[in-house]
Structures are given as C-alpha cells and as structure tokens.
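*Asks:* Given the structure of chain A, go ahead and fit chain B onto it with the hints provided.
2 protein chains.
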Amino acid sequence: MQFRFRPGTIATSSFALAPIVIAAVLSGLTGEAALAGGNKRQPIVIEDQGAFAFGGTSISNAAGGTLHCDHGYAQYNIPANERGLPLVMWHSASSITWEHTPDGRDAFQQIFLRKGFPVYIIDLPRQGKAGWGCTPLNYTPEIGRDQATFESWRFGLWPLGGEPNFFPGVQAPTRDPKWLDQMLRARYPEDNNPDADQFEADSVTALLNKIGSSVLVTHSGSGVRGWVTAMTSPKVKGIVSFEPSVFRFPEGELPAPIASAANGQIIPPGSEVSEAEFRRLTRIPIQIIVGDYVPDGPSTLAGPERRRITVIYAKAFIKAINDRGGDAEFVELPKKGLRGNTHLMMLDLNNDKVAEIMADFLKRKRLDKRSHPQGHF
Amino acid sequence: MQFRFRPGTIATSSFALAPIVIAAVLSGLTGEAALAGGNKRQPIVIEDQGAFAFGGTSISNAAGGTLHCDHGYAQYNIPANERGLPLVMWHSASSITWEHTPDGRDAFQQIFLRKGFPVYIIDLPRQGKAGWGCTPLNYTPEIGRDQATFESWRFGLWPLGGEPNFFPGVQAPTRDPKWLDQMLRARYPEDNNPDADQFEADSVTALLNKIGSSVLVTHSGSGVRGWVTAMTSPKVKGIVSFEPSVFRFPEGELPAPIASAANGQIIPPGSEVSEAEFRRLTRIPIQIIVGDYVPDGPSTLAGPERRRITVIYAKAFIKAINDRGGDAEFVELPKKGLRGNTHLMMLDLNNDKVAEIMADFLKRKRLDKRSHPQGHF
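Going line by line, the protein sequences match chains A and B.
Quick note on our numbering: the first sequence kicks off at 672 and runs consecutively.
Quick note on our numbering: the second sequence kicks off at 672 and runs consecutively.
This is chain A alone, in the form it adopts within the complex:
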C-alpha cells in the first residue's frame, strides 16, 4: 500500500477561496512542482477527462443497413496549466503498460500528468475498447503464453513445467506473487496483421486531426506504426519509442535479416520506403530507448537475442535518419547508469528514472513548451 494523503477536516474551511486563486494553486502544484521532484503522491489536478472514438468508417449492405466500425478508442486526461503538446501513449499489448504498474506505483500516465502533459491512451481499431471492427475477429488462447511473455519481456527464464527464474538485478518485485499475477494478466489480444501498420497509422492520423499536433510514445510492436504515422501525418511532432522491433529504411538500405542464435528464427528488420517518405522522419526529434539484458554478441536466450538483433536494426535506422540531417538518438539504459530494465521498462521499479530520460528529451527538443496552440477535443 502506498501512503495515501488524507487532508481531513481542514478541507471544508477553505473551499470558499475565489476560484482564480484556487486554480492558480492547483496549476502550480501539478506543473512545475512535480518537475522539481516533489512528493509523487500529491494529488493530480485534472482540468478535463474523457474518452471518444476516432477515425473509423461505415459499411452498408443492399438492404440499407449500416455499421460504424474500425474506429480507435482514446481515453484522455488534461492536467491544469497543461503543456502544449499532448503525449499519445500507444501500447503494443495493453494500455496497462501506460496506465498503472502491477505493484501499484505510478505509471507513465500519472508521471507525465504530474509533469503537466496532456495524456491520451489509445486502443487501436479491432483491439481492446475499439473492438467493434468491420471484419470478423478471432482470439484463441495460447497455453504457454505466460512462459513466452516472461522470456520475451526479459524478466528472465521460465522453462515449461518449471518455475520463473528472474535475471539477476531485474527491476521487479520478484518475491511478490501479486506482481507476477498482474504482469501475466497485462495483455489483451493484438492485431498483428502486417496490413495493420498503415491501417493503424491512418487511424492515429485521424486522432491527431482531432486533437492536434502531438508527441507519439510507442512501445515494441507499436514502434513501427509510429514511424509510419510520422510519414503520414505532419502533426507528429516527435516520437519516443521504447524498444521498437521493426523499422522503415530508405530504398537500398534495408539491413540483411538476421537469424536468432537462440532458435534460428529470422528476425525481420522491416521494409523499405521511398527516399522522400523516409526523409519525413528527419523533420522530427526521435528518441529510442532500450533496456538491459541485451547481449553484445549472439546468445542462446531467445528474448535477449531478439533484442540484440533489433538493436542492430535500430542503430541502422537512426544512422539513416541522422545521415540525412535528422535528429534521432539511441539510449541504452545501462549506459545511462540504469540497470535491470526489462522490455516493460515503463513499469519497472525504476520507471521514474526511465521517465526522467524521456522527460529530459522532451525538454531538450522543446516538446514540453506550454505555448503550442492546441485545440483539445
């Protein structure tokens, strides 16, 4: 249990203050005070909160019936005295990765609300709360997925029929069975159809046409879709991507696919786009962040080996951007002094420090200004 602040009986004596004074206090509290590293459990002052559908289409039949479908679903919180550019947090496996840690600490939603950023958490079409698709959807449970998730998220090793073994120093409360239970319930079905890349980019483009220019925050499978969105919509003003796996490259620069030394599986680097399309990625600041347990050379551990290979692709992607005058940076957390981070680093025990690395990027790239004129939904 976290400490929970109980103001008690003082409350009723002071709410008669003039609204403008109260608002000033509120906005100061959520904005600069949080940035200055104040008590993280202080209240969050929400100016606006809600949810809506974005994008989508409508289909019809000969009888004149229609169906509105294939929209996305956004949930948003706007703090008082907010910064100009919202953060669009785009998950790969579940919005819980942005909404809450499995052991009850703040996740990036709360951390960045406290820093004054409007936060939108989205479900893309045919997933989660945007399940009202235009096409049939099927989900089949996969027994053994617990073990696969545990290893691909680089918590450690969990052999079939055995016990979970954590990597040494992992940033997780490894002795807390409730933590693991929550983690193993973190997913919901994804849309991994390769056609979904442009489809989802178009969906988020519709979102940005509604909420205005934004910074995309992607993770894992949503990484590639963030690149495609930035090549589709001029309203993407920056991207922070946590362990993206797949990339786009200019013609002739697609890296050779590499086979996993753990299981022989080919890990795909992505695909090529035209020079003109690729150059759109040079117009915005991009930060890619990778965690720990990424070996220097081939490894027989499938999760680490996969990440090692995608890091090779990520570095080639960043070089292609920067060779063209772009502004992309690659952060390996261990080189910043952060150890033990997993593929779910936004939920790790030191997620506040991971957030600071992202916040520092937003500040350096002037993506945290309060002056961006925005038309919020």
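By construction, these hints were calculated from the structure, which means they are not laboratory data.
Treat the hints loosely; a few may be bogus.
It does not matter which identical chain is used: a pair holds within one copy or between any two.
The list that follows gives simulated cross-link-like pairs (lysine-lysine, DSS-like), each with its CA atoms no further than 25 Å apart [claimed, not checked]:
| # | residue 1 | residue 2 |
| --- | --- | --- |
| 1 | K906 | K849 |
| 2 | K1034 | K849 |
| 3 | K1036 | K849 |
| 4 | K849 | K881 |
| 5 | K986 | K1036 |
| 6 | K881 | K990 |
| 7 | K1006 | K1024 |
| 8 | K906 | K1007 |
| 9 | K906 | K1006 |
| 10 | K1024 | K1040 |
Note that this is a predicted model, so its numbers are computed, not measured.
*Replies:* Leaving out everything else, chain B in the frame of chain A:
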C-alpha cells in the same frame, strides 16, 4: 467545445504554498463545492488513479505451459477527500457509457468524481481490455446494427435505407452529426452467453474482495449480473440500475414471459432462485431508473415495447423484494419531471439531472458517507 479554464501566469507564483494548505484547498474544491452545485468545469483533484486486473484463473497443458486468463480489467480514479464507498460502474456495451458523453460533456465518471466518490469502471472478462480469455472469442460485424442500436436505445426510428428520425424532445443534440457518429461507435463486443451471469458475478466478487465494499452501478445487460453479484458477495452495499432488462425472482414468482407486440419476440423475465438467495437482495438499498418513451400499453415500436415489458418485470421484482421487507425503489424519470430520456440516459443532454436522482438516492440511503473504512487497491 466546452469552456476550458486557463489560469495563465498566476500559476507559478503560488506553488510554494505549504503542501497541507494546498491539500486543504484541493479537497474542499472537489468535495463539498461540487455538491453545492458549483461550476462543473472546475478541475477534478485526483488523489490516486490507475488500473489493474481482477479475478481470473490460470490454465495449463501437459507440456507445463500456463496461461493466466479470464480476469477483468478495472480503471479507477480516487478523488481527494473521498467518500467511503466506491461506485463500481459496470457497463453493458462499452465503458464509454460511463466515461464521456459523445458531445464532450461530463459523464458519470466525472460527475461522481466531482461529488467525491471513488469511481471504478470495469471491463468484465472476455470483453474490452479484459480480452485475454481462457476460451476462444469470436466477433462478427453485423451490418444494420447501427439501425438496431438507434431503435433499441430509444433515440427514435431508423428504417433500413432511410434516415434516422429522432423521437420528439429527445435529450440528444440531434442536429450534430458528430454526436451520432460517436454514439454509433460506442459499443464493443459483449459476452452475452447466459452462463456469463454467474461468471461475471464471480468476477466482480473478486474485485470487491480487493477494493472493499462498494455500490454497483449497472446498466441494461449488466443489470441482471448486478443482482447475481449481490446474491454472491456481501460487499455489495447498494445497487443503482439503469434500465435493467432481466431479473431474478423467488421460486414460484417468475412472471409469465410476454411477447413483443412489435415483432412477436418473447422478452424473457429472467429466472428463479431459492427464497434464501432472493432474500439477500432485501439487505441492500436498490434503485432502478427508467427513461422516457415507455408506452403504457402494447406498441408496434420494438424499442419502446421491449422497455414496456421489462418495466412490468422490474415492478414485479421490486414488489417481491419489498414484500419481504427489502428496500427497492423504482424511478420513472418522466414522473420526476425529466422528459426525453433514452436508454443511454447517463449520456443524455440532461445527464446531470439524472445523476442528481442517483446522488439523492445514495444520500438518502447513507451510501455517501466518508466514514466507511475502505482498503483501496
């Protein structure tokens, strides 16, 4: 667009106030001030916000693989100086029914946060963000569902191939195409398997074991599941149900099923339970709220006719409870002076007045006290 409060430059000058003073101002603002009918667009002060999985099970195979699945998904906001009993808002078709109105006004989440209630919005297993089920799930899009939804939600009539025609005086911005577009994107796939009643009740029982005693707020299809939960968990301390369709009755008191005068379809009343089980419903206050466009006698309009029949069942259900010394009340909004309300009354233009009827019930039944000791998640 709603008016959005922009405190501007006064903010930075005042955040140096001592935390206790700030907290006192904050809690006063969200608590009593909102109850006193202050400006509804004032900020909401959130003490804690997050999400988590609840309930669920784990399945395994002969190879030793496992899968954690069939959990629910809760999103919560705890306001400062909160009341003791959380409101668990349990949707039938989509959490948007509690999260936000399609035209951008506050929904019940914001309205009741402003009144000081902790609010939990839940997706039940195999739906929405709780899609990681233990069984296969299939969704098939139904063209024509727009028209069926429009009529069953009692917005009016929408013949196949024609235009939507609203009922006169309906509490909706009928000239706003964006409103209708949002409404028609409000759903996501439901689990309407009859076995789901006890399954979902067990799931919510697990939630209440985690968050403590609560008031259930149900709607339409979740109505019956609320009754079953109250017969399963002693932690249900009250229920507000908006247009529930199906009920439980003591042995021998199941009403005869009635056929719709619109289409001949049999509208089921529910099923019987033992006298002992049914009497559990007499231990808590229950409020059932029904909107407008419910005819007095048989009607050829399918939506209104269906509601007319379920109202007959609802009245029998309430009588069975009160005959046994229980405390159930039935509210027809037109008799309270509210006209034009639909099946989605929590999103209607006068949803603030609908909320007041619920808030009044919570107050009369002493479900709004700040003294209920609770162990929040």
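*Asks:* A separate judgement is required for each hint: does it hold in the structure or not?
*Replies:* These are the hints, each one checked on the structure:
1. When the C-alpha separation of K906 and K849 is checked against a cutoff of 25 Å, the pair qualifies only between copies, where the shortest distance is 22 Å, while the shortest distance within a copy is 40 Å.
2. Taking the shortest alpha-carbon separations for K1034 and K849, neither the intra-copy value of 36 Å nor the inter-copy value of 36 Å comes in at or below 25 Å.
3. Taking the closest pair of Cα atoms, K1036 and K849 never come within 25 Å of each other, the shortest separation being 39 Å inside a single copy and 35 Å across copies.
4. Proximity of K849 to K881 under the C-alpha cut-off of 25 Å is restricted to the inter-copy arrangement: shortest distance 12 Å between copies versus 39 Å within a copy.
5. Within a single copy, K986 and K1036 get their C-alpha atoms as close as 20 Å, which meets the 25 Å cut-off; across copies the closest is 63 Å, which misses it.
6. Taking identical chains as interchangeable, the C-alpha atoms of K881 and K990 are never at most 25 Å apart, the minima being 33 Å within one chain and 49 Å between chains.
7. With identical chains, the CA atoms of K1006 and K1024 are at most 25 Å apart within one copy only, with a shortest distance of 13 Å there and 57 Å across copies.
8. With identical chains, the CA atoms of K906 and K1007 are never at most 25 Å apart, being 30 Å at best within one copy and 48 Å at best between copies.
9. For the homomeric pair K906 and K1006, neither the shortest alpha-carbon distance inside one copy (32 Å) nor that between copies (50 Å) is at most 25 Å.
10. For the homomeric pair K1024 and K1040, the shortest alpha-carbon distance inside one copy (21 Å) is at most 25 Å, but the shortest distance between copies (39 Å) is not.
The structure shown violates the earlier hints numbered 2, 3, 6, 8 and 9.
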